[in-house]
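Okay, here's what each chain looks like letter by letter:
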Amino acid sequence: MNTAQASVPEAGTALLRIRGLRAGYATRGRSGFGRRRVDAVAGVDLTVHAGQTLCVVGESGCGKSTLARSVVGLLDPFAGSISFGDVDLSSAGRRERHRVARDLQMVFQDPYTSLNPRMRVADVIAEGWHVHRGVLPAGEHAAEVDRLLSLVELDSSYAGRRLHELSGGQCQRVSIARALALRPKLIVCDEAVSALDVSVRAQVLNLLMDLQQELGVAYLFISHDLDVVRHIADEVAVMYLGTIVEHGTAAQVFQNPRHPYTRALLSAAPSIHDRPGGTNESALTGEVPSPAAPPSGCRFRTRCPIAADVCATEVPELRVRGDADHAAACHFAGEDPATGT
Amino acid sequence: MSSTVEEVAGATEATPVARLRGVHIGFGAPGRERPVVRGVELDLVPGRVTALVGESGSGKSLTTLALMGLLPGGARVSAGSVEIDGHDTAGFTDAQWRRLRGPKIAMVFQDPMAALNPSFTVGWQVAETFRRHQGVSHRTARARTIELMRTVGIPDAEHKYHSYPHEFSGGMRQRAMIAMALALEPEVLLADEPTTALDVTVQAQILRLLTTRQAEARMAMLLVSHDLGVVARVAQHVAVMYAGRIVEAGTLDEVYTTPAHPYTRGLLDAMPDPGRPGRLVPIEGQPPAPGHLPAGCAFAPRCRFATEVCRTDDPATLPVPGRGTSTGHVAACHHSARILGTEPEARS
Amino acid sequence: MSAVTVPAEGLAAEARPETGRRHVPVRVWVGVGVLALFVLAALVGPLLWPYDPVATHLADRLLAPGGRTATGSIAWLGTDQVGRDLFANLLAGARITLLVAGATVVVGGAVGLVVGLVSGYFGGPLDTVLSRVGDVQLAFPSILLAILLAGVLGPSITNIVITLAITRWVIFARVVRASAMSTRRLEFVDSARVLGAGHLRILVRHVLPSCWQPLLVAATVQVGLVMVAEASLSFLGLGVPVDTASWGATVSIGRDYLGSAWWISTVPAAALALVVTAVGVVGDGFRDLSDPRSQI
Amino acid sequence: MGAFVAKRLGQAVIVAWGALTLVFIIVRVVPGDPAKLILGPDASADQLKHVRSDFGLDHPLWRQYLEHLGGVLHGDLGDSWRLGGSALGDTLERFPATLTLSLVALVLTILLGFPLGMLCARRPGKVLDLLVSTGSLVGQAVPSFWLGIVLILLFARELGWLPATADGSFAGVLLPAFTLALPFIGWLARLVRNGALEEGAKDYVRTARAKGVPEGLVQYVHVGRNIAVPVVTVLGLLMGNFIANAVIIEVVFSWPGIGSLMVDAITNRDYAVVEAAVLTMTVSYIALNLLVDVVYFALDPRLTPENA
Amino acid sequence: GFGGGGGGTPKGALRAAFGQPVTDLDPYNAATAVDEASLIVKRLVFDTLVRRQGDRLVPGLASGWERTNDTTWVFTLRRGARFHDGTPVTAADVAACLKRTRAVASAQTPLWASVTKAEARDDHTVVFTTDGPLGSLPVNLTLLFVVPAARVADPEQKRRPIGSGPFRVTGFTPSTSVELARFDDYWGGRSDLPGISMPYIAETSSAITALRTGDIDLLWPIPPDQLPEVTRVKGVTVEPVPSWTYYLNWFNCSRAPFTDANVRRAMCQAVNLPQIVDRLFGRGGQQMRAPIPATVAGYAAQEPWTYDPAAAKRLLAAAGLGRGFTTSMMWFDATGPLSRELAEAMISSWADIGVTVRPQSIEKAQWLERLNSLDWDMNLQTNTVTTGDAAFTVGRLYTSKAHRMGYKNPALDQLLARAAAAPSGSERDGLYGEACKIIWSDAVGLFPLTLVTGYGRSSRLTGFTPAPNNQPDLAAVRRR
Ligand SMILES: Nc1ncnc2c1ncn2[C@@H]1O[C@H](COP(=O)(O)OP(=O)(O)OP(=O)(O)O)[C@@H](O)[C@H]1O
Ligand SMILES: Nc1ncnc2c1ncn2[C@@H]1O[C@H](COP(=O)(O)OP(=O)(O)OP(=O)(O)O)[C@@H](O)[C@H]1O
Ligand SMILES: [Mg+2]
Ligand SMILES: [Mg+2]
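Residue numbers (the working numbering), protein chains in the order written: chain A, 1 to 341; chain V, 1001 to 1348; chain X, 2001 to 2296; chain D, 3001 to 3308; chain F, 4001 to 4480.
Only chain A is shown next, with the shape it has when bound in the complex (with noise of 0.2 Å):
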């Protein structure tokens, strides 16, 4: 992208900032009547930075896509504000969206459904200068669809192809092509590469990676697979039941965790360098509540191993505890960091 450069904003930046953000679905009741909320995400802040990747690990249900689905307007928040660069999203009007919509861009799990398979490559690619007229005159989309794929690393052959005939990996760098059409300053990614082989998956995370340093792309990058995150973060919110109930730099997290959930999820992740009967003491019991039905006080306190009186009272904040930056949302966090190692 030959103009790219210019509208790298300087990294650092504060691009997307999210405030108090509680969003979710609203469900019939039990009998059937009335409509009752289930705040999947319950009151969240996080900053996302230009040029950065925030990755938010968390396992299944605890509100990761619902929070990606918010930041690019797919759901409207029940409260709190999401900013965009100067714009404010929750009082933003339709025109105002629809500019935004150009920096803000999402890559989705699974391609081959996050992509109309009726469509070819390039109308894929292209669709997004249909939707914003004047950003590139149509003589030059055929053009342009060539150059995105190379930058993908994808032959221009491609062009034409159906995307049934594509690779799961192929299938995904042409979604990264479409979401990069519209030069934006910030992808979400939810679980962009969960469904990819072993192989593939190192194949399109060196992209993101090559993309973020040539182009200055900020991620949103959600995953549940830790060595991932570990890989590519350069800061990590751990989310669990809606909450962020830890946040640091990738270091930070992955070497000296604080919460007890944090623990218990970086000794629950298989690694290659495990043997069996190989122990992980700090295993959890139980399973994720309902989003519907959160525990009192500490959210996490129904699975926790060091879960005390005060954890079913009172709600743990998300603080600074030890180094900068370094945010947990645990009673017992600042006293007994010793238990991370």
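Accuracy of the hints is not assured; some may be wrong.
The list that follows gives simulated cross-link-like pairs (lysine-lysine, DSS-like), each with its CA atoms no further than 27 Å apart [as the list claims (entries may be wrong)]:
| # | chain 1 | residue 1 | chain 2 | residue 2 |
| --- | --- | --- | --- | --- |
| 1 | D | Lys3049 | F | Lys4437 |
| 2 | D | Lys3036 | F | Lys4408 |
| 3 | D | Lys3049 | V | Lys1160 |
| 4 | F | Lys4234 | F | Lys4011 |
| 5 | F | Lys4313 | D | Lys3049 |
| 6 | F | Lys4313 | F | Lys4437 |
| 7 | D | Lys3036 | D | Lys3049 |
| 8 | F | Lys4234 | F | Lys4313 |
| 9 | D | Lys3049 | F | Lys4099 |
| 10 | D | Lys3036 | F | Lys4364 |
| 11 | F | Lys4437 | F | Lys4408 |
| 12 | D | Lys3202 | D | Lys3126 |
| 13 | F | Lys4437 | F | Lys4401 |
| 14 | D | Lys3049 | F | Lys4011 |
| 15 | F | Lys4364 | F | Lys4313 |
| 16 | F | Lys4099 | D | Lys3036 |
| 17 | V | Lys1104 | D | Lys3202 |
| 18 | F | Lys4117 | F | Lys4099 |
| 19 | F | Lys4234 | D | Lys3036 |
Across the chosen pairs, the derived CB separations fall in these ranges [to be verified]:
| # | chain 1 | residue 1 | chain 2 | residue 2 | range |
| --- | --- | --- | --- | --- | --- |
| 20 | A | Arg19 | V | Gly1328 | 58 to 68 Å |
| 21 | X | Met2181 | A | Gly20 | 29 to 39 Å |
| 22 | D | Leu3066 | A | Ser60 | 40 to 50 Å |
| 23 | D | Trp3062 | X | Met2181 | 56 to 66 Å |
Honestly, the hints are just simulated from the structure, not real lab data.
Since this is a predicted model, take the numbers as computed values, not measurements.
Every residue gets a Cβ at the ideal spot worked out from N, C-alpha and C, and that includes glycine.
Got chain A; can you put chains V, X, D and F with the ligands on it based on the hints?
Using the frame of chain A, we list chains V, X, D and F with the ligands on its own:
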């Protein structure tokens, strides 16, 4: 950890309960079939967990199903033999197979939601195993089921007996599947990606459950997975599958620390590793579509070690050079020796 | 009206054979052949064998197939109760019958498409209202609606098309709605929305294409049913006007002669059954063939 | 469950009201004056006026409509001018006949269609399967009145097995019921076949086999239970269809049901009876749908009020 | 049992199917006042003072009557007549019935317009007073069904009426079937039949099949095209009888070009009636030679129109329509057998002289609307002389006042007025004959044929007399 290794060492001599010998599986009419699994050799030995790893579509599930005699319609074993307790199962009748499934060999499937019948209670489905094989009354079957459900860690089993699968969480469903498989204390347990659909914390629980049970009953277990981490955590033996062939097999340590096949090597390199930040080293290209295998070694087009011979001759599965034949570390590569001598590619 | 209003896709699609799913079975080709033949007959037949629906040749009444008429020609399919040649009648009837069925399905399909799309895509109160209207339409005995409408509008081909289309639109609307609703939930729609695409674009570019296939499958079912429904209207005396020939009308008029001159009613009934079956076979084949991934 | 039924009932009332209004409007838009039909062409203007006022036809439409709605709430749909009695009474008197016909047709459909479908599923693509799938199309392609008469000629005239008309015996119901059922037998068979094939390919079937469950039980217990849900639904809809389709069959076989009554009433502009018949049919259709929903609800454990 | 049949019919009952449904049994229901199907049943369930036997009027409930002056008739009731509920029939009942029938607006109303009152002089004598001479009173009285005075307005009468006739109603499903059982206390003696069942069979094929298989014993009218087939059936006897029902095709004389009598005559000449009647109806129809059937009182044969297309063309040319014209013809399908075919045949004939006729087969309800508002060019229909008397049709339909086909002729009006006042006899017949001549030669309509009712009956029945009014006396039938 050390105890299991010793067990394994002792068990190498033990006779396998189930084994696959040069098994070929193909789809389509005899003669014109599309080969999907090609010459698989696999021994399932009591007390040992063998893992089958490989990318999606490499033929892992079909191999497993062949052991159960449950190949999908259209697929059949076109060559080689599936042996259980030393008997070739080729001529088995339905009734013979039925007697084996459950008491001798049992299976845990990948997607527990789909693998459970949505219209019956979980308890009923587990109890059915008892009723079919032991001819016991509903009441007895129920008592045994509840007991069993407790052992696999389903809390409040009495009550949960009457729940339907959709009322269970993913982890609980998988526990129910495991209960069903373990009901008759089979000698062979097949687990096809038993934790793929689950979260890490739950995955850890399920893996622990499986390995404990396996070790207690000294079952022969085949674990199918594409997750090298999971395999590392539970298996003593590993077989790596690529395009329908087992390209490398051996003990976990042999395969993971000194891979002799470029594909195994590629897989390991492609894993993000905290020790090696920066760009990952992917295997370029894609696996061949079944039925469109290249001549020679199926991996050759993606292999950076490939030479002329690789494009013409499909390598035989041979003991890895430099190790005693007794270790059982085998690989199907013309260049195993060269690969063993090369350092992993450095990361940028 | 032996119209099946039960959705034909009650239990999802036909299970496909494992191999050769792109292979078109012989019976589908036979169906296509039969249809082509009848369409051709409808187009050129009346030019070659002209037919006057009100002319009578009383001397040639009730001739059995192969009988010789007063003018010496042979009535290969026999003559009717006023001496008209049934072969010419068949050709002329083909034209009207196919026209009525085609037009009805097009009109009903178009209305159903629009209603279904809007209803399924936007959902909410609009959907509720449209769905209730559809419920009323479905709960209302369609034959009765047809009788009443035919009475209100009077006999004419256009009015029959309108009448039948009014009793059909809801079936198309349901099919399209279901499809639009499930498409709306698909991720690629989200993906387009993230791109900033508006409703119109999403409707036309993303939702509509996935509705064509079920719509067409429903249309093949309905084409047949509409032909039968048209015959039923004739039976109730509300069919095409007297001065037009249609298969349904001939089947209906000839039924009193089934005991003595069976051919009057049986010839067009057989033609009707043949065409409707052929349409059905082609529709089935189409459904089997259409795999969303290979769908253009 | 209660809330679910309550909600459906609410919808049902709306739909019934819609149908009622629709028929009220259409019946009055259709050209034709009941008074003239009553009195014939020789009636004087005075006589006509007299009759019109007898039936309340001289009131403004909105008033007729309100009175009509009020009447409906009291279960009174007015009197039939042709049959004399209360329109609703006349209609309900006829309803059992239609119900009997439809029920027998339903039983015939199930008895023939279900096993046929299971047989087809056993060997898909084979001769029987092709026959049934083509046959199901042919069945729907034949106008029912033609079929009815042909069956009468065949079974009553040529073979003499069954009576040609409704004579009150059980044999008398067989021909009309069979005519009504025929188009749907193949249709149900295909539905069952497709369901059996589709369910048979699901993972849980493999699980059952992996447990060592004999094949027969796998098919009839594990698969059968799962196709029961959609099949039962379809049977409810089918019953609704039978009631609606009975119109023509009833005319052909002189069956004293609600369908022939309705056709007669329309031809004679017997407003009250048309309205009563439509209301009865609509309500029975709605009731059947409700029943289907409830049965579905009971049969499919996955359903909750939320996703129903 | 299923359906409406069965219940209440004794074993050995006669099963008789008529071509139209019985919808109602209340003798004073306006809707069925002249409906043939219900009249058949009513004649079995109720008595009338006077009855028709062939061409003659014979005593019914009345054992005799006399006309005491121009406007007064005295009827003496038979002793011993009882209603089905056991109460005796009295003069007061008759008087109440007349009152009731006058109160109800129906197609019968014109018959009773000039009968001012009926008084019961004693239990067995009833006196009718008219406001002018009314020769047809006895004939009209064949339509006054007698019911108990208390029940004249009883809604129960619609379904389970009480009368004094030879049969009582045991089951009735409107438009479907009527079940009758013998009334053992009937004054005229017990019928031979234990009961009568009258199912309505809508489909011709079903009905004929039922007759063939013995499901029914009697079927009428058999459609003309099915007569040959039924005639061939063993065990079935077919008896055709010219009926009082005939086809007419009126020209709308108030609408161009039919305002011109010559155009109407041209239309009549253009149709080859002998051929159409013969080929289409065969034994089922007879070409007409007057505007009323030959069996009706007041009939006078006219010179039939000769089939002469050339002459017809000349007439048209003379009327300035040498190049033909376009017009339309309306009818409703159920009006009579082969109506559509008849229409098509005539339309084909007219096409030969350059007249294009658009066929308009419409619903009965719409047909009625258009008929009375004269919103048509030509109207094809059947008509029945319900009383068997020219007064019923000729006298009623062709006056200028009636304005039924837009024909206005003061001379005819005068003639008809005189005929109406005349007592029955040759003078009256002569007057109606003259009226026939005017209507015929002025070509008010084209009168193609009288329908012949084909009665198909099991050969085992005896005592059956086919009736021209389609209302045979079923009580007299016996089974061999
Ligand atoms: N459309 C919906 N309606 C109601 N509840 C929903 C809906 N989508 C998600 N939820 C619920 O909201 C919660 C959060 O869901 P979300 O999809 O954000 O989780 P996630 O972290 O993305 O999980 P996964 O890793 O499985 O994708 C879950 O409990 C889920 O059940
Ligand atoms: N029923 C079937 N019909 C046709 N081909 C099939 C069928 N089942 C599997 N295959 C093919 O056989 C090959 C091997 O399938 P298999 O399911 O054994 O792979 P796998 O290694 O288990 O993959 P995954 O990790 O995705 O489960 C695949 O290429 C697949 O396309
Ligand atoms: Mg998610
Ligand atoms: Mg698999």
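Structure-based check of all given hints:
Of the pairs offered as hints, the one joining lysine 3049 (chain D) and lysine 4437 (chain F) is violated, with about 36 Å between alpha carbons and a cut-off of 27 Å exceeded. Distance hint between lysine 3036 (chain D) and lysine 4408 (chain F) is fulfilled; the C-alpha atoms sit about 24 Å from each other, no more than 27 Å. Proximity of lysine 3049 (chain D) to lysine 1160 (chain V) is assessed by CA-CA distance (about 75 Å); at most 27 Å being required, the pair is judged violated. At roughly 24 Å between alpha-carbon atoms, lysine 4234 (chain F) and lysine 4011 (chain F) fall within 27 Å of each other, so this suggested pair holds.
For the hint pairing lysine 4313 (chain F) with lysine 3049 (chain D), the CA-to-CA distance comes to about 46 Å; that exceeds 27 Å, so the pair is violated. For the suggested pair lysine 4313 (chain F) and lysine 4437 (chain F), the alpha carbons sit about 24 Å apart, so the restraint of at most 27 Å is met. For the given pair, lysine 3036 (chain D) sits about 10 Å from lysine 3049 (chain D) by alpha-carbon distance, which is consistent with the 27 Å threshold. The suggested pairing of lysine 4234 (chain F) with lysine 4313 (chain F) is violated, with an alpha-carbon distance near 50 Å, which exceeds 27 Å.
Proximity of lysine 3049 (chain D) to lysine 4099 (chain F) is assessed by CA-CA distance (about 20 Å); at most 27 Å being required, the pair is judged to hold. Of the pairs offered as hints, the one joining lysine 3036 (chain D) and lysine 4364 (chain F) holds, with about 11 Å between alpha carbons and a cut-off of 27 Å not exceeded. About 15 Å separates the Cα atoms of lysine 4437 (chain F) and lysine 4408 (chain F), which keeps this hinted pair within 27 Å; it holds. At roughly 22 Å between alpha-carbon atoms, lysine 3202 (chain D) and lysine 3126 (chain D) fall within 27 Å of each other, so this suggested pair holds.
For the suggested pair lysine 4437 (chain F) and lysine 4401 (chain F), the alpha carbons sit about 20 Å apart, so the restraint of at most 27 Å is met. The hinted pair formed by lysine 3049 (chain D) and lysine 4011 (chain F) fails the criterion: a straight-line CA distance of about 47 Å is larger than 27 Å. This hinted pair does not check out: lysine 4364 (chain F) and lysine 4313 (chain F) have alpha carbons roughly 33 Å apart, beyond 27 Å. The straight-line distance between the Cα atoms of lysine 4099 (chain F) and lysine 3036 (chain D) is roughly 23 Å, inside the 27 Å bound, and the hint therefore holds.
A hinted pair counts as satisfied when its Cα atoms are at most 27 Å apart, and lysine 1104 (chain V) with lysine 3202 (chain D) qualifies at roughly 24 Å. Between the alpha carbons of lysine 4117 (chain F) and lysine 4099 (chain F) the distance comes to roughly 7 Å, so the proposed pair stays at or under 27 Å and holds. For the given pair, lysine 4234 (chain F) sits about 44 Å from lysine 3036 (chain D) by alpha-carbon distance, which is inconsistent with the 27 Å threshold. Hint check: arginine 19 (chain A) to glycine 1328 (chain V), Cβ distance near 59 Å, so the stated range 58 to 68 Å holds.
Evaluation of the 29 to 39 Å hint for methionine 2181 (chain X) and glycine 20 (chain A) yields a pass: the beta carbon distance comes to about 33 Å. Checking the proposed 40 to 50 Å range against leucine 3066 (chain D) and serine 60 (chain A) shows it is violated: the Cβ atoms sit about 58 Å from each other. Range check, tryptophan 3062 (chain D) to methionine 2181 (chain X): Cβ separation about 38 Å, and the 56 to 66 Å hint is violated.
In the structure shown, a violation is registered for the earlier hints numbered 1, 3, 5, 8, 14, 15, 19, 22, 23, in ascending order.
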